[in-house]
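Trainee: Spelled out from the first residue to the last, the chains are:
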Amino acid sequence: MKTVRFALLLGAELRLVLRERLTWAVLAALVVSLCLAAWTGAGRVAMERAALAEAAADTDRVVRDARAAHERYAKPSPIKVNYWQDPTDAFGYMTYFMAAYAVKPPTPLAVFAAGQSDVQPAIMRASFGFSTVFDDTAYEPGSTARLRLGPFDLAFVLVYLVPLVVIALAGTRLSSEHDSGILRMIASQPVGPRRVASAKFGAVALIAIVATLGGTALALVVSGGLGAVDGWEDALALLAAALSAYVAFWVAACALVASLWRGGVAALAILVLAWACVTVALPSTLGLAVEALAPTPSRIAAIDASRRAQVRFYTGEEGARITSAWLTGKVLEVSSRPGLADAPEIKRLARDAFYDEALASDRDAAQDHARAAAAWSRRLAILSPATVLARALEVAAGTDAERHSAFLAAGAAYRRDLRAFFEPRILAQALDPAPVCQGCPARLDFAAYDAVPAFVLSVPREAAEHQALVALGCLMAGTLLLAALAYRRLSGWPA
Amino acid sequence: MRRLSAELARTARDARLRWIGAVLVLLLTVAGLGAWRDSARYAGEVAQVAAAERARWLGQDAKNPHSADHFGLWVFRPSAPLAVLDPGTEPYTGRMVRVEAHVFNDAVYRAIQDAGPLARFGFGSVADIVQLVVPLAAILLGFSAFAADRERGTLRLALGNGVPPGQLFASRFAALFAALAVVAGLPLFGIGALAVMSQDHAGWQVVPRLLTWVAAQLAYTAVFLLLAMLVSLVARTARGALAAALAVWALLCVAAPRLAVVGVDAVVPALSYREVRARIEAGFRSHRTAEANDARTRSVLARYGVGDPGELPVDLRGLMMSENEAHNFAVYDRELGAFFDSIATQDRALAWAGLLSPRVALQALSQTLAGTDFAQHAHFVWTAEAYRRGISERMNAEIRDHPQRGGTTLVAGRDLWEEIPPFVLQPLPFARALADAGVPALILALWLGLPALLCRPLVRRLKP
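These protein sequence lines are chains V and X, in that order. In case it helps, my numbering puts the first sequence at residues 6 to 500. In case it helps, my numbering puts the second sequence at residues 46 to 509.
It should be emphasised that the hints constitute simulated quantities derived from the structure, not laboratory data. There may be inaccurate statements among the hints.
[Stated by the list, open to error] In silico DMTMM-like cross-links for lysine to aspartate or glutamate, where the CA-CA straight-line distance does not exceed 20 Å:
no.	chain 1	residue 1	chain 2	residue 2
1	V	K352	X	E336
2	V	K85	X	E145
3	X	K108	V	E323
4	X	K108	V	D373
5	V	K352	X	D106
6	X	K108	V	E322
Owing to the predicted nature of the structure, the values given are computational and were not obtained by experimental measurement.
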């Protein structure tokens, strides 16, 4: 009997809410926002994919050009080819020609969140020069206004605007009845406040969840931004569940505020302030906490250290001494090869190795900071429903800080792999130059362009599932807590 | 005047003002002092390392000038004094440039790279608080100006006592605005004054900048106060007034700014930096091949009418490097010039996009007045590049004008290094900022004027 009555109440509330013009206006605005956000996200992902294709094409072009040069310079010619103009030389190719890229490909769910992608480029060209003090020198300046205000992506609509939609739909339920006096009439019926509130807020929750999930699905289909989700179905399902829990959380918040019986004005003010706290103030506070827990090492101090190392290398005979010491560790019969330490490529290799060692502590500090900041952000994000959902969306999209930190480390390792690939070849050429034809202008000691190591791509699916699960758990716990508080307070009608 | 005093007293007694004021003062003070501490630390580090870089440049060993050009140095962008109030584009743009031979390096290491992911969620700065929270405060104070009195029936009493509606509206607006000016304007002015007094601000014209900046923030506050009072004039209940005002706030302060950026990106897209760099690389590629170098060498010899580099009155290597750099400078000017122009064009379009949201207009106006806009960044980048070119040209000229015979290498020393002056960045003048601020200031004025105009007939027809 009770179940039937609740179903009747719920049905009546659903009809009531769906009859309101405000409901349709708000839901239409939500769907339009979702479609627009998905469209901008799809555009961003398409640009990222195009950039990856351009990088691959650039790598191919460089190899093609180098092969053509190899063919051209394998014939006698009166021109002089300096080492920085010679792609047939291992050192020349590595330093001045090679286009080897470390890339962070978008995940199939990349459309969901721009995350850190607008400040942390997903493509890094491996370079071997002094300017590389840190691993994260890749930089693509653009509209700073967009960076300041943030992107209009699905994460923005889902994390920031969906709660406002819920507040618009549910913020004054019960409170408006209280203000207008209708609540007395309802109270005179043989039904308790808990049942009425459950029907009212349950109806809004159903409508808001269906609209949010349906609108998101529609937006994804219309924009065509979703990649091939093979293997990502679980992550997608968990995200949908987390999103539903997020909507339910805000509906429960509306119910709790209504249970205070302070009237519509106070309810609206409290809910909007709660929204500001949860989506803006609390994340800012957590950001400050992360800064305190993982203080940023000074970039300027690291640059200063790098310059001190440079001065040391270039002052007096120190450079020659460092080069000889490096060479001794690499070539056993170095003493029998006078002049070897003066070869520009040898000096360069020794210098870069010296810089690497001199700056290792600064690089480690920067990497440790990036890892610590990402880890603290992950831990603290669960304290705010907005940050935990945003993080789940960013991890699913592959645009989170933690993935970028791992990408930077992988990029640095890739640079070391490339160096390890070229170094023996450069040393071999310095010790025993490859024979070239009479009158041939180039060194012709390197043609293994296809053997140059490629960057190993990584798409972290498990992290996406894990984070979506964490978000789901946190949001469900928050929702249950608020609902339980509201349920407890709604034991009787207001006096 | 008596009416104004009464309204002031009524506003001062309002518990909402105490709560809102306390929260605002706390938020602004915490954000402002944090920014001031970071700014002072950065300024100290920059001063120290800039002096060290100068000493390293002057103290380098005697060497070939081209090696000195490669040795180079780092130059740093000092933070604008009012960045404490509005960091503008500074956290999103590089602050350090490596100056070295051949390469127009990017300004690197943006503060936003080092900030954790949570830092981008909310109030990154004092300006963010003004743009997002102060309007909310204005709405929470202003929504009940007439609607609550109407609901309670006290508006009928006030009008029945013969108080002209216009005077009632003006005195209520003045009282609420004065309250907001105290709880928001005074902390802003105080933080700005602290930043100005504690830092080197040569060339920044900080006093007019600070005064106009605070005035712009107050004008923005007034826009939302007027909007809240406008809604209050027409709403039948305080709840309706609050709901409508909050909807306006969510639209104008939360959703519309990001929509405006999407619109500007679609209508006036900026050039892709990656593609610009690729074009620069392509521009250099054909020029630096051995074949191209050989052709240029022959052309130089023909120009001087000699058959051997040893017969030239100048050093061939120095001359070639000088001419190569001239080619590279032209490529950089063409491609990066177009890139920076495209960003400036987009910024101008974004200022017009302020028609969609006063927050967008204020952001453009605020960062321009604070000296933290993209124009200041571009000015730094091109000043650093001009400095780099100055060094390269001087070093190449030294080599070119001292031809070496018999395979010897030119060696220069401190006398030449001292010819290079220290890097000094003079900020763009305030007059330029005022010129750039014209459009956003006009649009903010429109946002201020529109609700004021709409209020006029409603005030005249004010019904209890």
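Trainee: Below or equal to 20 Å on CA atoms is what counts here, so check K108(X) against E322(V).
Mentor: holds, 13 Å
Trainee: Can you confirm whether the C-alpha distance between K352(V) and D106(X) stays at or below 20 Å?
Mentor: holds, 17 Å
Trainee: Do the alpha carbons of K108(X) and E323(V) lie within 20 Å of each other, as the hint requires?
Mentor: Holds, because 15 Å separates the two Cα atoms, which is no more than 20 Å.
Trainee: Are the Cα atoms of K108(X) and D373(V) separated by 20 Å or less?
Mentor: violated, 38 Å
Trainee: Hinted pair, alpha-carbon criterion (20 Å max): K85(V), E145(X). Please report holds or violated.
Mentor: violated, 26 Å
Trainee: If you draw a straight line from the CA of K352(V) to the CA of E336(X), is it 20 Å or shorter?
Mentor: Answer violated: K352(V) to E336(X) is near 27 Å, above 20 Å.
The structure does not agree with the numbered hints 1, 2 and 4 stated previously, though it agrees with the rest.
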